[in-house]
Amino acid sequence: MELTRGTIRRLARASVDGIDATLLTVVVLLMGLGIATLYSASQESPERVISQLRHLTIAFGAMWLIARVPPQLLLRSALPVYVSGLLLLIAVALMGDVVNGARRWLSLGTIRFQPSEMMKIAMPLMLAWYFHRNEGHLRRRQFVFAGLLVAVPALLIARQPDLGTALLVAAAGFYVIFFAGLSWKAMGGLAALALASLPPIWSLLHDYQRRRILTLLDPTQDPLGAGYHIIQSTIAIGSGGLSGKGWLNGTQAHLEFIPERHTDFIFAVYSEEFGLIGNGVLLVLYALLIARGLAIAAQGATLFARLLGGSLSLIFFTYAFVNMGMVSGVLPVVGVPLPFLSYGGTALLTLFIAIGLLMGIHKHRKLVRT
Amino acid sequence: MIGLTELRNTERELHAFRTRVLVAAVIVLATFGLLGARFVWLQLVQHEYYHTRAEDNRIAIVPLPPQRGLIFDRNGALLARNYSAYTLEIAPRKASDIDGTIKMLSHLVAITARDRSRFAKHLIEARNADSLPIRTRLSDEEVARFAVNRYRFQGVEIKARHFRQYPFGATASHVLGYIGRIDARDVEHLEQLGVEANYRGTEYIGKRGVEATYQQALHGETGFEQVEIDAAGRGIRSLSQVPARPGHNLTLTLDIRLQQVAEAAFAGRRGALVALDPASGAVLAFVSVPGYDPNLFVDGIDVQSWKALNTSADRPLNNRAIAGVYPPGSTFKPFMALAALTLGQRTPNSTIQDPGYFVLGERRFRDSHAGGHGTVDLRKSIVVSSDVYYYQLAHDMGIEAIAGFMQQFGFGTRTGIDLEGEAAGVLPSPQWKLKRFARREQQRWYAGETISIGIGQGYNAYTPLQLAAATAAIANGGALYRPHVVAHIDDPRTGKRETIAPQLIRQIPLKPEHVAFVQEAMAGVNREGTGARAFAGAEYTSAGKTGTAQVIGIKQNEKYDASKIDERLRDHSLFIAFAPVESPKIALAVVVENGGFGSRAAAPIARTVLDYYLLGRRPADAAQAAGEGEQP
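Just so you know, the protein sequences line up as chains B and Y, in that order.
Numbering follows this note's numbering, in which position 173 of the first sequence is assigned residue number 173; successive positions increment by one, without gaps.
Numbering follows this note's numbering, in which position 362 of the second sequence is assigned residue number 362; successive positions increment by one, without gaps.
If you're looking for bench data, these hints aren't it; they were derived computationally from the structure.
No residue lacks a Cβ here, since even glycine has one placed at the ideal position from N, Cα and C.
Watch out, some of these pointers could steer you wrong.
So the derived label-pair ranges between C-beta atoms look like this [said to hold, decoys possible]:
| id | chain 1 | residue 1 | chain 2 | residue 2 | range |
| --- | --- | --- | --- | --- | --- |
| 1 | Y | S106 | B | L204 | 40 to 50 Å |
| 2 | Y | N149 | B | P80 | 23 to 33 Å |
| 3 | B | G6 | Y | L14 | 35 to 45 Å |
| 4 | Y | D99 | B | L204 | 29 to 39 Å |
One-sided excerpt, in silico: chain Y residues whose CB lies under 8 Å from chain B [claimed, not checked]:
| id | residue |
| --- | --- |
| 5 | F32 |
| 6 | R58 |
| 7 | D99 |
| 8 | I102 |
| 9 | A231 |
Coverage of chain B stretches by chain Y, computed from C-beta distances (three or more under 8 Å per stretch; other residues unrestricted) [what the hints assert, rightly or not]:
| id | region |
| --- | --- |
| 10 | 143–156 |
| 11 | 237–248 |
| 12 | 278–286 |
| 13 | 301–313 |
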């Protein structure tokens, strides 16, 4: 009896060992809001919610596993994961399936998956590993090479075309470079270069491409086409007011004025039903998540852990900011889901792997030094 | 030492890293702050605006068009009704690719080339319409087939609509008129009246006949429903409703069976007949033949039928009874006689010699009866229709006196009947000529012109309706009533009835003995005169007068066609009558275009109508009775 009880206690401790309470609490709260909003967006039909809960179970398991992977193993896996991700991206470019006009999917027997999704994790892993290996003698050469490591997969993904994912992957890489200490001067130079390259790129674009970009900037130019999404989501948010129309009462959502309301535009549904107060809560939760992630990164035991942690934290920020920005009409529409709220198994898995990685970094903050 | 440097390096790196983390945190907070500001802008500052837009999105005001009022004849026979049928409609603003949509639809329901061209026409005419029919009167099967596939079609809806139907077809078409799609001119008119809001959701409007003149009463009041709609524009639920009020029902003064008898009596000839109740001016029968089938217009007439109606030499769309003007010919003579008595120009006993012609200066005016009628007094002048008597009379009276007297009977003035498109006709006078012509020599009134006026020729030109109303005034002793075709208007909701009261235009100051004299003379026409043949064996007393009007010429724009021109140059045949003489119940005027002598073509029609109206005997019965009579 005594033995069993002790075993149980030990098992219990082992199972929660490495699970960061703050991160878990924030994520659980976000998931709760997400499931509630999804239920409303699905016209109160439970199928999609059940499916999302299934995704959640798998993602949670992945997080739990990842959280206990020793850093050495992660370090060793970085290069193979990155290289295989790159090869898969090349395979997609050569023989991927075309869905909705974009070549994103790779069929592996019965499963189809998006290698670009994998790159969201592989990229920071790889760069963190690269800088970690060159720790102590980071020169311009290393940064240039790191830039190349970012650019190649990002361009491959952008070509699919999947601008949103390319952006997130590139951002993940850039964050590592940023935390690795790329000089402010170099960053200023890059920004200036980017600005300077805009006019020549503009002049190379076709008319229809220019129009599309102009619509991104001003949705009222094309109220029935591309602008429709943004106009309707803005109406949804604005009509929500201070306290929202109440859960399940959003008319824009329930009468199907909001497009993609389960996935990329779920924020419009949330915002319409929970109002400014709900938005405030959501911003605070994301801020807490990011702050906790950055704090974990700051305490990282190794450069690898710090860079990876910092980058992953800012990835959450990027997801949240780009999505809310686009749905509320201040950023152009690119396919970026709202973390923990948007429906979708793959995105959820990626997010929870990132959470798992952060938890792992936290768990091993003092233990090992390489 | 090396280890210490390394440690210090690590410390420095760590410090640099933490600085960057801090910078990142500041950037995160700043951008979240910007997002927060955006939310405050949208959700607090602009909240009212977006709230309104969300409501506008959500709530559609759907007009509920009222049921159009029904039209009955005086005995309650239904002349215009509504029936409900399904139409397949496309909302031009919601359907992205109209041609593609129609193509896809054609796999589900039959869409003919005529449907397509009609839709294209609608699309041009009513660009702003909410939805336009591509197919009308869908079968139940077609409705079901579309319903199953509905999700594939954006902006396509099945609607239940009311359609107008005229069970009697072409019968009385010129009284009933028809409804048609509201066009730009109708919209302008409705806006002038300030009632355009009441026509939201209504597509049809009365174009002719009582459908047009009683449009406001027939239309009713449009109701409104607030409907919650989804992004595809489909109604989810009703939020509130103001029901439509149905239009008022019209009951006509017309007797549709009498109308049928009268129209049939024309037996394919062109012409007009108006029968009035002399006591009220109520129109009992109103014929303009050929007519047209108003049902053709109900869901938009197709181009071929429209062309056929418009280009036909018989002009079926022309309402001859009120828009056609004819010289009255000898039917004018009773009025002339009454003028002579009233103005003291003649006494019943004064006679003239009728040698068969009348000479004025160089000109000889011939009597239609070669050799003349010998000694003619006033009564005989009517009974045998002496032209010479009236040449002399007109000459003696002068044009001013004639015009002054005839004007009282409404000749040359619109009666004001409750139908659109009435012509005024021409009551000739020197004043009229002055106004009508521009050149000095044309404006002059010549004495010879007065002579033809006396026998109803020359510039005389009246509508059959004017002639009928004037005849009714002789029948009732001088009361000129405004003819009307609607007896009463009923509100089906409240049961309130608005009766159209007889409207006296004027009581013509006539001496009863003068009227009685003319009435008796007209009775003589049917007994022993020019109408005797047509009225042989009548079981009631009747008064009449034949007329034959010269056709002046053919219109220049008509094609040269020898056989047709011959026919169309023939004289018009006219007849006026009332019966029974003692207490007239009906007065009428008949014109048969190019029918020749009045006694031949027009009088038998009058007889048929009077027989039916007074005795309830149909022409078939009469023929049978005549047949039996001939059996020895």
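Here is what the structure says about each hint:
Checked against the hint of 40 to 50 Å, the C-beta distance between S106 of chain Y and L204 of chain B comes to roughly 45 Å, which is consistent with it. Checked against the given bound of 23 to 33 Å, the beta carbons of N149 of chain Y and P80 of chain B, roughly 53 Å apart, lie outside it. A hinted range of 35 to 45 Å for the beta carbons of G6 of chain B and L14 of chain Y is consistent with their spacing of about 40 Å. For the pair D99 of chain Y and L204 of chain B, the supplied restraint of 29 to 39 Å holds, since their beta-carbon distance comes to about 35 Å.
The interface hint given for F32 of chain Y holds, since its Cβ lies 5 Å from the closest Cβ of chain B, which is under the 8 Å cut-off. Evaluation of the R58 of chain Y hint against chain B yields a held restraint, the C-beta minimum of about 5 Å falling below 8 Å. Hint on D99 of chain Y is violated. Least Cβ distance to chain B is approximately 18 Å, over the 8 Å limit. Violation of the interface hint for I102 of chain Y is found here, the shortest Cβ-Cβ separation to chain B being roughly 20 Å, above the 8 Å cut-off.
Proximity of A231 of chain Y to chain B holds as hinted, the smallest CB-CB distance being about 4 Å (cut-off 8 Å). For the region 143–156 of chain B, the stated coverage by chain Y is violated: 0 residues have a C-beta nearer than 8 Å to a C-beta of that chain, whereas at least 3 were required. Only when three residues or more bring their CB closer than 8 Å to a CB of chain Y does the claim for the region 237–248 of chain B stand; here the count is 6, and the claim holds. With 4 residues bearing a CB less than 8 Å from a CB of chain Y, the region 278–286 of chain B meets the requirement of three and the coverage assertion stands.
A count of 4 residues in the region 301–313 of chain B with a Cβ less than 8 Å from any Cβ of chain Y is obtained; the coverage claim is therefore met, three being the minimum.
Of the numbered hints given earlier, the model fails hints 2, 7, 8, 10; all others are met.
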